[in-house]
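Novice: Take the sequence shown: its letters are residues 1 to 73, numbered as in the numbering used here.
Everything labelled a hint here was simulated from the structure, so no lab data went into it. Glycine included, C-beta positions come from ideal geometry on N, C-alpha and C. Hints are supplied without guarantee of correctness; some may be wrong.
[To be verified] In silico DSS-like links for lysine-lysine, alpha-carbon gap of 30 Å or less:
{"no.": "1", "residue 1": "Lys73", "residue 2": "Lys34"}
{"no.": "2", "residue 1": "Lys8", "residue 2": "Lys58"}
{"no.": "3", "residue 1": "Lys58", "residue 2": "Lys36"}
{"no.": "4", "residue 1": "Lys33", "residue 2": "Lys58"}
{"no.": "5", "residue 1": "Lys73", "residue 2": "Lys36"}
{"no.": "6", "residue 1": "Lys59", "residue 2": "Lys33"}
{"no.": "7", "residue 1": "Lys8", "residue 2": "Lys73"}
{"no.": "8", "residue 1": "Lys58", "residue 2": "Lys73"}
{"no.": "9", "residue 1": "Lys73", "residue 2": "Lys33"}
{"no.": "10", "residue 1": "Lys33", "residue 2": "Lys66"}
{"no.": "11", "residue 1": "Lys58", "residue 2": "Lys19"}
{"no.": "12", "residue 1": "Lys34", "residue 2": "Lys8"}
{"no.": "13", "residue 1": "Lys36", "residue 2": "Lys66"}
{"no.": "14", "residue 1": "Lys59", "residue 2": "Lys8"}
[Said to hold, decoys possible] What follows is a set of in silico ranges between Cβ atoms, one per label pair, in the way DEER data are often shown:
{"no.": "15", "residue 1": "Asp53", "residue 2": "Ala11", "range": "26 to 36 Å"}
{"no.": "16", "residue 1": "Asp53", "residue 2": "Arg6", "range": "13 to 23 Å"}
{"no.": "17", "residue 1": "Glu23", "residue 2": "Val47", "range": "12 to 22 Å"}
{"no.": "18", "residue 1": "Lys8", "residue 2": "Lys36", "range": "23 to 33 Å"}
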Amino acid sequence: MVDTIRTKEYADFVGKLRKARLEAGLRQIDVAKKLKRTQSYVSRVEVGEQRLDILELKKFAELYNKDINYFIK
Numbered sequence: 001m002v003d004t005i006r007t008k009e010y011a012d013f014v015g016k017l018r019k020a021r022l023e024a025g026l027r028q029i030d031v032a033k034k035l036k037r038t039q040s041y042v043s044r045v046e047v048g049e050q051r052l053d054i055l056e057l058k059k060f061a062e063l064y065n066k067d068i069n070y071f072i073k
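Using the sequences and the hints given, assemble the complete structure.
Specialist: Printed below as a string of structure tokens:
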């Protein structure tokens, strides 16, 4: 089984996630507060250490005002 968290595709995904946060003008701490998570959780997501399930991704997409497909194309 391939470790998908280490693939270029996953690196592209988390890069888009970070880019969307910056485009939304939010800091990691802002996102953390809105999602009721810690700043370190947001950081781990953005560097690919913490996987997201589809429901979590939906929350990030809504917060960043992006369609979920933005992150997976």
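Novice: Hint by hint, say whether it matches the structure.
Specialist: Going down the list of hints, with the structure as the test:
| no. | hint | in the structure |
| --- | --- | --- |
| 1 | Lys73 with Lys34 | holds (25 Å) |
| 2 | Lys8 with Lys58 | holds (22 Å) |
| 3 | Lys58 with Lys36 | holds (15 Å) |
| 4 | Lys33 with Lys58 | holds (16 Å) |
| 5 | Lys73 with Lys36 | holds (27 Å) |
| 6 | Lys59 with Lys33 | holds (13 Å) |
| 7 | Lys8 with Lys73 | holds (13 Å) |
| 8 | Lys58 with Lys73 | holds (15 Å) |
| 9 | Lys73 with Lys33 | holds (28 Å) |
| 10 | Lys33 with Lys66 | holds (19 Å) |
| 11 | Lys58 with Lys19 | holds (16 Å) |
| 12 | Lys34 with Lys8 | holds (29 Å) |
| 13 | Lys36 with Lys66 | holds (20 Å) |
| 14 | Lys59 with Lys8 | holds (23 Å) |
| 15 | Asp53 with Ala11: 26 to 36 Å | violated (18 Å) |
| 16 | Asp53 with Arg6: 13 to 23 Å | holds (18 Å) |
| 17 | Glu23 with Val47: 12 to 22 Å | holds (18 Å) |
| 18 | Lys8 with Lys36: 23 to 33 Å | holds (31 Å) |
Violated hint for the displayed structure: number 15, the only one.
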